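Protein chains in written order, with numbering that gives the first Met the number 0: chain Z, 0 to 285; chain U, 0 to 352; chain B, 0 to 275.
Fair warning: there could be bad hints in the mix.
To be verified - A few chain B positions that, by computed beta-carbon distances, are all more than 10 angstroms from chain Z:
1. Asp63
2. Asp66
3. Met116
4. Thr138
5. Glu164
6. Leu188
7. Ala220
Stated by the list, open to error - Pairs of lysine to aspartate or glutamate residues, derived as EDC-like cross-links and limited to a Cα-Cα distance of at most 20 angstroms, are as follows:
8. Lys100(U) with Asp137(B)
9. Lys152(U) with Glu164(B)
10. Lys73(U) with Glu164(B)
11. Lys177(U) with Asp201(U)
12. Lys72(B) with Glu168(B)
13. Lys102(B) with Glu11(U)
14. Lys102(B) with Glu52(U)
15. Lys73(U) with Glu171(B)
16. Lys345(U) with Asp327(U)
17. Lys112(U) with Asp201(U)
18. Lys103(U) with Glu183(B)
19. Lys263(B) with Glu183(B)
20. Lys263(B) with Asp90(Z)
21. Lys131(U) with Glu164(B)
22. Lys73(U) with Asp137(B)
23. Lys100(B) with Glu52(U)
24. Lys100(B) with Glu11(U)
25. Lys263(B) with Asp143(Z)
26. Lys152(U) with Glu29(U)
27. Lys152(U) with Asp164(U)
The set of hints was computed from the structure by calculation and includes no laboratory data.
All of these numbers come straight from a predicted model, not from anything done at the bench.
Here a beta-carbon is modelled for each residue, glycine too, at the ideal position from N, C-alpha and C.
The primary structure of each chain is shown beneath.
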Amino acid sequence: MKRLLPRLLLAPAVLSLLLWMIVPLVMTIYFSVIRYNLMQPEVTGFAGLENFEYFLTDPSFTVAVVNTLLLLGSVILITVLMGIGIALLIDDPFPGRGAVRLLLISPFFVMPTVNALLWKHMMMNPIYGVLAQVWLFFGATPVDWLTDFPLGSVIIMVSWQWLPFAALIFMTSLQSMNREQLEAARMDGATYLQQLRYLYIPHLGRSVAVVVMIEMIFLLSVFAEIFTTTGGGPGDASTNVAFLIFKQALLNFDAGVASAGALFAVLLANIAAAFLIRMVGKNLDK
Amino acid sequence: MAYLQLQGIEKEFGNVRVIRGIDLQISQGEFVVFVGPSGCGKSTLLRLIAGLEETSGGALRLDGRDITHEPSSKRDLAMVFQSYALYPHMSVFENMSFALKLAKVDEAVIKEKVARAAQILNLTSYLERTPKELSGGQRQRVAIGRAIVRAPKVFLFDEPLSNLDAALRGQTRIEIAKLHRDLGATTIYVTHDQVEAMTLADRVVVLRDGVIEQVGTPLELYDRPANQFVAQFIGTPQMNVVPAKDMQPLVQRTALSVEPDGFIGLRPENISLCAIGQGQLNGTVELVEALGAETLIYVATESGVQLVSRQTERTELTVGMPIGVRIDVDAAHLFDSKGRITRTGKARETLVH
Amino acid sequence: MAHRSKFSPALILRTVAAWSVTLLLFFPLGWLVLTAFKTELQAISVPPLLLFTPTFDNFIEVQDRSDYLLYAKNSVITSVMSTLLGLAVAVPAAYSMAFFKSKHTKDILMWMLSTKMMPAVGALVPIYVLAQQSGLLDTQLGLVIIFTLSNLPIMVWMLYSNFKEIPHEILEAARMDGATLWQEYYRVLLPLSIGGLASTGLLCLVLSWNEAFWSLNLSSAKAGTLATLIASYSSPEGLFWAKLSAASLMAIAPIVVFGWFSQKQLVQGLTFGAVK
């Protein structure tokens, strides 16, 4: 009886997550090796590796992978660098720091679709958008962001949304820095740059790793922004792997190919996840 | 018939036998102290009695009733935790009345009992505060008050003084002693501090590695230790224990009946210093600790043995000075090679007024 | 000891720099807020208008559109229900792992973490097919189930850390005081963990409300949430930025405020405790 209770308590959570994980996975594997089109359910049959071949040789695929990596890399770079900068700037108290924190983290809680439209219309519209007006103010021709720089625009939107997350993490991490260590360094005559190099950055190293891992996992699935603004275009210019799968599944209705692609995306995600899991696991042991 | 009886108590954590067969009888109203080094199992034993851990073997009887398999809530025991474990979301009054409320005692009775306990512990003006608003010493008193209100069969204390600063510790120790005198409650008190053990206990249980080394009154343990471990555990500074081999000239001269592989135990107060050549040994002063009411002098003999001497008088000795060492041979405890006592030394005299 | 004035030049510089960066980054959001109170004409004015008489017309107009209310209702219902369901499942699980630790506890926690790692798009096809076949497509129930499952790992983790922080000696003291298991939970554990429960619930609320991937793919006219509604404004049916801003503002304002209150939980929840 004593051992039954905890297991009973755990059961609903474990069982449901198990189903959530296994059922889609098994189905995806199944779909990926058969012919299955949602609009033509009569067409069935074993497809072997056909779907995979189709997905991988699709010219859009290479573009999508490149876009995904570009998106991931740029956003991570921007958020980490700027995030550290902001965290360092705000670390020491100054008037209005509380309000600044609130304002800074707000973009993260904005719905992704609102985020997308906010940028698409009010900021990036080439005639009436704020950015256009600023360009005009400085005598330059406004940029048609979504047409000329579709992936870049998405990168800007996503970075704006995730910067607060990175900054918040770094801010939290800095707060846990050992103050006495800094005082000792100061007494030893270290300049700010030296403190940065030998104390701050190493301490932040761990949270940078965490931020990079988390962002890798969540950014692989960037979807809403692309869906709402560029629709993946023009052409494939702003399609990432997630959107490509979506296109195959719900626009082309080819569930088979989409499933093949999905397995690929899962593989990518697992690689990133493996590192994060190890790091979190170490933390659990403490 | 003992009030609280432990029979063959065993406890295993995984494959490790932490408590290895404890037999103990405690009478009603006794103040028993469990003492021993870290890891000896004293806290575990207390928790077994409390019912917070299940025994792996053995039996526990309280006031005639077998409580070995009873849950903590039904044992009628109260525990004062090392960290006090007060309920942070309740006021002092609510903390102290919680158990009675659970037992559905009448409100008026609860109020009266809490008020009385609060008065004894000087907590009356703090009854409405929450633990957050109290100092460490006050929190500790609330923890004790919580136990008193219940009037349990046995009080269990788990190192209650270790989180207090030195001054408060001494003061609270006296209060606990007074409390016991006034309430006459059976108490089991766990500590690693042998001063607390010596001053509070009716009887002391010395534990090591899950086994009882010796049970006795504080002075019994001091004057008649059953083995080397107890001899060195009780008493500050530690008893000087020297291998007989290193004291051969002395052994032969005084015909001490100690085994060649045995040990000689000398309390610091049984070692006095004199002019060089005038004692049984010669040596050099290594360190002088002037404590005010007494002085401790650390000496290294010619043969390299380290000894501590205690005297009530002040001294002019300084480090490096040559000195003679006089040993009260009659007071020496003799141990065999395994540390068991073979001869108990003469105890100090009692001053009769 | 040198006397340092309270307003040293370094402090002033930092304050100015911090505020400049903040205002710059917050600007798009602030602009949204402003635009919500403009007329449509004012909203597209060139050069952009900073000073104007605010009007509440947009909010009223948006409210009058019946489908806005429908979508808002869906958002509220799906967020709240998934939070409650999530708590109902996560609390016992976290409790059992925190207080009845076994040698599998760590593995289970890590495994739960790994289920969150799977990109949503990986399950898109099967979930869509399942939803379609079980009639849960475009239903509130379907969304509630998906949201709950998506947030479950985070909730379990956060509650687990929360429960671990309660000193077990306090629960032992309750046991010594004669509390039965139920009394232990109700009188001691619950009051002590209510803060953690609330903030975990809050975080789940925020995550469900903002959830866009499944909302966009599994719901439309009947069970669509605000995320879906706003997305449908993406096609340029004429310029109506002011109304769009008003609608957006109403959709995001409560969540942003909730977010302000759940900063700490966000850090712990989304990094699975890897950053303290």
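Hints, verified against the model:
no.: 1; hint: Asp63; in the structure: 20 angstroms, holds
no.: 2; hint: Asp66; in the structure: 15 angstroms, holds
no.: 3; hint: Met116; in the structure: 4 angstroms, violated
no.: 4; hint: Thr138; in the structure: 18 angstroms, holds
no.: 5; hint: Glu164; in the structure: 14 angstroms, holds
no.: 6; hint: Leu188; in the structure: 13 angstroms, holds
no.: 7; hint: Ala220; in the structure: 16 angstroms, holds
no.: 8; hint: Lys100(U) with Asp137(B); in the structure: 52 angstroms, violated
no.: 9; hint: Lys152(U) with Glu164(B); in the structure: 32 angstroms, violated
no.: 10; hint: Lys73(U) with Glu164(B); in the structure: 27 angstroms, violated
no.: 11; hint: Lys177(U) with Asp201(U); in the structure: 13 angstroms, holds
no.: 12; hint: Lys72(B) with Glu168(B); in the structure: 45 angstroms, violated
no.: 13; hint: Lys102(B) with Glu11(U); in the structure: 17 angstroms, holds
no.: 14; hint: Lys102(B) with Glu52(U); in the structure: 19 angstroms, holds
no.: 15; hint: Lys73(U) with Glu171(B); in the structure: 13 angstroms, holds
no.: 16; hint: Lys345(U) with Asp327(U); in the structure: 9 angstroms, holds
no.: 17; hint: Lys112(U) with Asp201(U); in the structure: 28 angstroms, violated
no.: 18; hint: Lys103(U) with Glu183(B); in the structure: 15 angstroms, holds
no.: 19; hint: Lys263(B) with Glu183(B); in the structure: 28 angstroms, violated
no.: 20; hint: Lys263(B) with Asp90(Z); in the structure: 16 angstroms, holds
no.: 21; hint: Lys131(U) with Glu164(B); in the structure: 17 angstroms, holds
no.: 22; hint: Lys73(U) with Asp137(B); in the structure: 55 angstroms, violated
no.: 23; hint: Lys100(B) with Glu52(U); in the structure: 15 angstroms, holds
no.: 24; hint: Lys100(B) with Glu11(U); in the structure: 17 angstroms, holds
no.: 25; hint: Lys263(B) with Asp143(Z); in the structure: 39 angstroms, violated
no.: 26; hint: Lys152(U) with Glu29(U); in the structure: 11 angstroms, holds
no.: 27; hint: Lys152(U) with Asp164(U); in the structure: 30 angstroms, violated
In summary, the structure is inconsistent with hints 3, 8, 9, 10, 12, 17, 19, 22, 25 and 27 from the numbered list given earlier, while agreeing with the others.
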